[in-house]
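Peer 1: Chains A and B, in that order, give the protein sequences.
Numbering (my numbering) for the first sequence: 1 to 524.
Numbering (my numbering) for the second sequence: 1 to 524.
No lab work stands behind these hints: they were computed from the structure.
A portion of the hints provided could be inaccurate.
Note: identical chains are not told apart, hence a pair may lie in one copy or across any two.
Unchecked claim - List time: in silico DSS-like cross-link candidates among lysine-lysine, alpha-carbon distance up to 30 Å:
(1) 294 x 8
(2) 293 x 119
(3) 293 x 8
(4) 391 x 119
(5) 423 x 82
(6) 119 x 414
(7) 391 x 423
(8) 82 x 8
(9) 293 x 82
(10) 414 x 8
Protein chains: 2
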Amino acid sequence: MDFRLLSKQLGIVALLIGGAMVLALPWASPALGIRKHLAYEGALAFETGGLVAPLLSIAACGLVGGLLVYFGRGSPGKLFRKEAVAVVGLSWVLATVLGALPYYFSGTCRGYMDEDETKTVRMHIVDCLFESQSGFSTTGATVLTQLEDPELVPHCILFWRSMTHFLGGLGIIVLFVVILGQGSAGKALMRAEMPGPTKEGSTPRMQDTALLFAFTYCGLNLALAIILWVMGLSLFDALCHAFGTMATGGFSTYNASVGHFDSAAIDSVIILFMILAGTNFTLLFYLICLRPKKVVGDIEWRVYMSVIAGITVAVIVVGLMDGDFTGLSEALQKGMFQVVSIMTTTGYCTDDFDGWSHFGRGVLFMLMFVGGCAGSTGGGMKVIRHILFGKILRLEVEQAYHPSVVRPLRLGGKAVEDPELRKNILVYFALVLAIFMFSWIFVITFEPDATWGDESQHKLVDSASSVAATLNNIGPGLGTVGATRNYAHFSWWSKSLFLWLMMLGRLELFSILVLFAPGFWRSR
Amino acid sequence: MDFRLLSKQLGIVALLIGGAMVLALPWASPALGIRKHLAYEGALAFETGGLVAPLLSIAACGLVGGLLVYFGRGSPGKLFRKEAVAVVGLSWVLATVLGALPYYFSGTCRGYMDEDETKTVRMHIVDCLFESQSGFSTTGATVLTQLEDPELVPHCILFWRSMTHFLGGLGIIVLFVVILGQGSAGKALMRAEMPGPTKEGSTPRMQDTALLFAFTYCGLNLALAIILWVMGLSLFDALCHAFGTMATGGFSTYNASVGHFDSAAIDSVIILFMILAGTNFTLLFYLICLRPKKVVGDIEWRVYMSVIAGITVAVIVVGLMDGDFTGLSEALQKGMFQVVSIMTTTGYCTDDFDGWSHFGRGVLFMLMFVGGCAGSTGGGMKVIRHILFGKILRLEVEQAYHPSVVRPLRLGGKAVEDPELRKNILVYFALVLAIFMFSWIFVITFEPDATWGDESQHKLVDSASSVAATLNNIGPGLGTVGATRNYAHFSWWSKSLFLWLMMLGRLELFSILVLFAPGFWRSR
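Work out the full structure: start from the sequences and follow the hints.
Peer 2: Here you go:
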């Protein structure tokens, strides 16, 4: 392992994060029209505390980045596969730590300790790391209960919180490839970073793909922000919700999430952009080039849309029968929003789906493991893996009675070449299963029943859903981590576990798992 | 597919089942001292109804068997792999149907419909099939609520119910190999029937192995029955509980299961024999040959015993802290019994583990998927598969950063040769996962909330545990299918699903899955 090279790369990551923090500074000023329509005391005061914290954090990023780059000076600069994997894993760890600084320095509060709203609870160091990781991993799980009170959460911090979504979605390492352009190493990085099993790129050169990916992503963020702004949101809210949507993150600036706006129009726009965010960016590029046939012909996208449509219909029908919705229009608006939000792993809420039928809750739980398309900002296990998983199992059952006939794996009419793909898909499912099971046992063993108060009978389900919601980068789950609640009341050890689960999910397991393998650090 | 051959083989199965039913006849007579100590009306009357039903069933078996053998006369008799697989799958289906006849003909009742105990509920045809399959698959899930009233469940029927465990454990097809000895075909059958991934046999010839297996099994059944008889149980109870234990079944003759006896001595004896029943029969043979080193040196057996010991200690410690047990001796007795019972997939109960802590319930749920050792009568996924699963995942993570180095899979110091084994283990886990998930969704979608009465908030967990308990051949699960309850109140469509799950679990998936593949029936 070439530690000098590692150091240099990590230093650059630290400097980039420091640079990004600058964008959080302007929101301390009321001149930018921060959520004027929210009526609270001091809404239009200049937030000194909110400004100092990012400034201190920027200084810290500069210091850390400078030291790392200094230590790594004169490194040969040739990035091998192993170093590339290490850079990916470690830069996410570093980003989490640095991204947690603004929360910590500002003394941001989780909410009130008592019902009288007199005593506030400051964020614990693990809370800060959790919130930071939740942002970068585009999960959207939060420990903040009172988002609307700038005394508790300054605007600069709230903006930085949504910015981590933007940065996470873009992929710190995609930025790397675009800005630094490291040839074959960049390719290795890209492979580690790009979600989903490798698909053919839309352009032969990896760097161009990364640039294309970045431009499409930024463009869609901008487009959504402008649309939301025109629809009446303040610039601040428009940007934050655009970041949360396009990164399939889910951090909102209101306690009631997107449900705060209570607008069918805004819901529809966000549904559309969530669907886009969960689509392979190569397909979005075809869409921009006005070649919709390429999009509709894509087998993964067809399944992705079919699942959304099918589950939405099922949820609406069952919900109407059970009386969860008042009428068809409400059912369509709330049911579809929630299905798309969970499926794309965004995690925005317009309805307390925890009050839905057991069928609805169970289906949403299953949907968490599906996720978006490969090559999108969506989390989860990705639609393509599920398609291949189903095909592989079918072939294996056939092979049980025809052992001599080995039929190739076919996708969209074409045989898939990669002989390792079958095993890799199965290994991925196996790892998710193993991680899920061990994490679930950890939470039910070590998280005290008191976390659930007088609802501890829901412990088994809620624990499973909290693990699923963090591992698949969704955010809200069922019960005590449901749409109207959050992760604040969990113990620090469970939060630490969730923090790693979010990272594992975002980097598709291997880049993080290898960090824990002693053999990885030993030889080259 | 050679249907004549198939017909002949299935005909023999039907005749054998009819023959076995003869053993249920004597228990209609009170002369055999049927549970004298139970004080109920008519305990010593001759049960005419209980006698007629098996007689009719024997006639039906004879008729079906005779017709099938007649249709299959003059078949070449050479059994290829595909026919062997078909015989295994179909003979279980046939056994289920024929084994259900005594319940149906006798008009056995599930229990009382009302609290006044005036109106009884006869077994539905699906109930009969469920109970029959539960017996043959050694699951022990029941729909009978009142076992102790011979007006509702005659003794002949109760004995037949436990006999299906004995037959299931022995494996109808092992009987086949022993009695008919079909050379290479027997080997193919054996491979399909013997639980667990293939291990080296203790004798070179398959037929000898089968005989050995059968003798050991019958010997242990007899030994346990004698011990229980000496300990004060009636001959009837001793035989039934021996069958339930050695087959890792779990059908009892009392509503409170083994807890009825409330005896530490009986519990200990049954714990010991459950552990033996979950042990690879090859190792039991070594034990009989007084070569204990071979047993202790077996990696699977060591892990099997370690898991039992570890989980027992954890359950006892947490149970004592939570006050689930009154003292250490009760904790040891009840905790260990329940852990062994679930782990070996027996399903006997001495305590209502549904009242245990959430940790205890969660751990028992996980244990359901572990199961016994390969080559035992235990169900579940088998310990060896979990060992290999863990090793494979570790190797795969290593391979992520050392792609060029392919390390062999090692077990007990020796490299495992089979190149297909890695994939097969992963496929097995994947199939169990897929079947579990789809079945869970089926139950929460189609089973009405009313099944849970006013406890429908437990639907998600209870449904998952009912699927796990049937797929892994345990029997009791959590909540509404818990230790003190049963499957009677489920709808017939859920019971039909469970019926197939039990069969899938018992035959380790493939022999049943291929029956649903159209291609399987087409060519040879």
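Peer 1: For every hint, state whether the structure bears it out.
Peer 2: Verification of the supplied hints:
Within a single copy, residue 294 and residue 8 get their C-alpha atoms no closer than 41 Å, and across copies no closer than 56 Å, so neither meets the 30 Å cut-off. With identical chains, the CA atoms of residue 293 and residue 119 are never at most 30 Å apart, being 58 Å at best within one copy and 65 Å at best between copies. Taking CA atoms no more than 30 Å apart as the test, residue 293 paired with residue 8 passes in neither setting, with 44 Å inside one copy and 56 Å between copies. Taking the shortest alpha-carbon separations for residue 391 and residue 119, neither the intra-copy value of 56 Å nor the inter-copy value of 51 Å comes in at or below 30 Å.
Both within a single protomer and between protomers do residue 423 and residue 82 lie at most 30 Å apart by alpha-carbon distance, with minima of 21 Å and 26 Å respectively. Taking the closest pair of Cα atoms, residue 119 and residue 414 never come within 30 Å of each other, the shortest separation being 63 Å inside a single copy and 63 Å across copies. When the C-alpha separation of residue 391 and residue 423 is checked against a cutoff of 30 Å, the pair qualifies both within a copy, at 13 Å, and between copies, at 15 Å. Only within a single protomer do residue 82 and residue 8 lie at most 30 Å apart by alpha-carbon distance; the minimum there is 15 Å, versus 61 Å between protomers.
Within a single copy, residue 293 and residue 82 get their C-alpha atoms no closer than 39 Å, and across copies no closer than 44 Å, so neither meets the 30 Å cut-off. When the C-alpha separation of residue 414 and residue 8 is checked against a cutoff of 30 Å, the pair qualifies neither within a copy, at 43 Å, nor between copies, at 44 Å.
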